[in-house]
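Chains as they are written, first to last, in this note's numbering: chain A, 1 to 383; chain B, 384 to 430.
Incorrect hints may appear among the rest.
Covered stretches of chain B, as calculated for chain A (at least 3 residues, CB under 8 Å) [claimed, not checked]:
no.	region
1	384-393
2	396-406
Listed next, the in silico PhoX-like pairs over lysine-lysine satisfying Cα-Cα at most 25 Å (straight line) [said to hold, decoys possible]:
no.	chain 1	residue 1	chain 2	residue 2
3	A	K34	B	K413
4	A	K232	B	K396
5	B	K413	A	K236
6	A	K327	A	K258
If you're looking for bench data, these hints aren't it; they were derived computationally from the structure. Ideal placement from N, C-alpha and C gives every residue a C-beta, glycine not left out.
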Amino acid sequence: MRKIVYLFFVLCCVLLITEIGLQIVHLVIHYGEKKEFIDERFALPHYKDKEWAKELDKELSELSGDYKEYRGWGKKEYHGKYLNIDRNGIRKTWSPPDLNSEAAKTLYVFGPSSIWGVGVRDDHTVPSYISKELHKKNYKFKVSNYGEWSYTFTQGLIYLILQLRDGHRPDYVAFFDGIDTYNSYQSGVAGTLHFSFAFREKGEKQTDFQLISTGISNVITKNSMIYRELSKIRRKLNPPKTQFTEVGHAFNDDQLSKLSEDVVEYLFESVALLDNLSKIYGFEYIFFWPPSLLTENRLLDEEINLDIRLKDKSLVKLYRLTDDLLKTGRAPHFYNIADTFSERTKTYYLDFGHTSEEGNELIAKRMVSIFENEYLLEGATDK
Amino acid sequence: MISDFIERIRNEKWPITVFFVFFLSLLVSKLFLTENYMLSPFIYSNF
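Excised from the complex, chain A in its bound form (with noise of 0.2 Å):
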């Protein structure tokens, strides 16, 4: 027995001491060591020279957010240079100084990160060059960005009604996805919100030995140096068939197209259901498909390496295979305009489906087209 308590006593001290021996390696040769940028993204060409960037990138990185009712989460209150957010949590989108409110038409945007304007300034969103564009055409509007970070069509719709609920009464609703076909991805499982897995999960009752057992691996794989040495050698002695972990990558082709049909059918099913909240709260919408650096043809060269995603055959598959199915007019009001950027010579991405603010001002131009045409040009259906 004391021959026991001796290997395990000189167990423990040759971990924690090679624990300790580790950490103090690993704070000597990352000392000093900084970043240029905390989201790397930042690094790519869109920023260079662009001294706005790094502060973008602070205030980006200071964000927060939490606990929303039905819809899930949302931004908190943030003050920044070149990124504010009210205390409802809506990202300020770029107004013409001299609109009279009361007497302009009212546009909420809704969709996900890519609406909201991840790696953009305010003033630089696509609902911010919607609001530009539509002024300098001279019409009176006033629009809001309701979009926010991962948000599906149908949690967008969701948001929707909450501000309906609460006395809202806009005159238009405009709808970009681009998010769901990733998330049914990530879940296998068509409709499911961003890490559904995860709230799934969290749900699921554990005992109080689990949560102490998942608490203190938790705190072994985030922070030791022996579990991730250890880690790093099995990798490489038995490296991992992919690096791809979302449920949907070990789709064969006809489970994708089945998901992907399940996307589409999921989300016409919310379109008719926005269709009927029309009619009764009396306001007019339109529904965008958006571009993805998933579904171009044709990939620069600078695009290759820009999204690990791209590597991700079964996603890019997926991605195709849903667009296809949205390629014609699947509703009214609806519209795909994934090929915005196809006659590109430079790249208007940052990764697989959020836009430099050059390209958001392509993306608001095209769609303040189409609107234009549906709703405010002479024989539309509403002047």
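With the hints as your guide, set chain B onto chain A.
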């Protein structure tokens, strides 16, 4: 008891050998083993 164990470790060579082999192998891994392995590329992990 702990002081007995420490005394025993001092007198025996194998615990020190185990420690050095373990520590040095992980040190080599840390300093020279690079990898391109990336976790699944989630868009954002926080709200």
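Quick rundown of the hints versus the structure:
Coverage of the region 384-393 of chain B by chain A holds. Counting CB-CB distances below 8 Å, 5 residues qualify, and the rule asks for three or more. Coverage of a stretch by a chain is defined here by at least three residues with a beta carbon nearer than 8 Å to that chain's beta carbons; for the region 396-406 of chain B and chain A the count is 5, and the condition holds. Between A/K34 and B/K413 the CA atoms are separated by roughly 19 Å; this keeps the pair inside 25 Å, and the hint holds. Only pairs whose Cα atoms come within 25 Å are accepted, and A/K232 paired with B/K396 is rejected, the gap being roughly 29 Å.
Taking the CA atoms of B/K413 and A/K236, the gap is near 13 Å; set against the 25 Å cutoff, the hint holds. A C-alpha spacing of about 17 Å is found between A/K327 and A/K258, which places the hinted pair at or below 25 Å, so the restraint holds.
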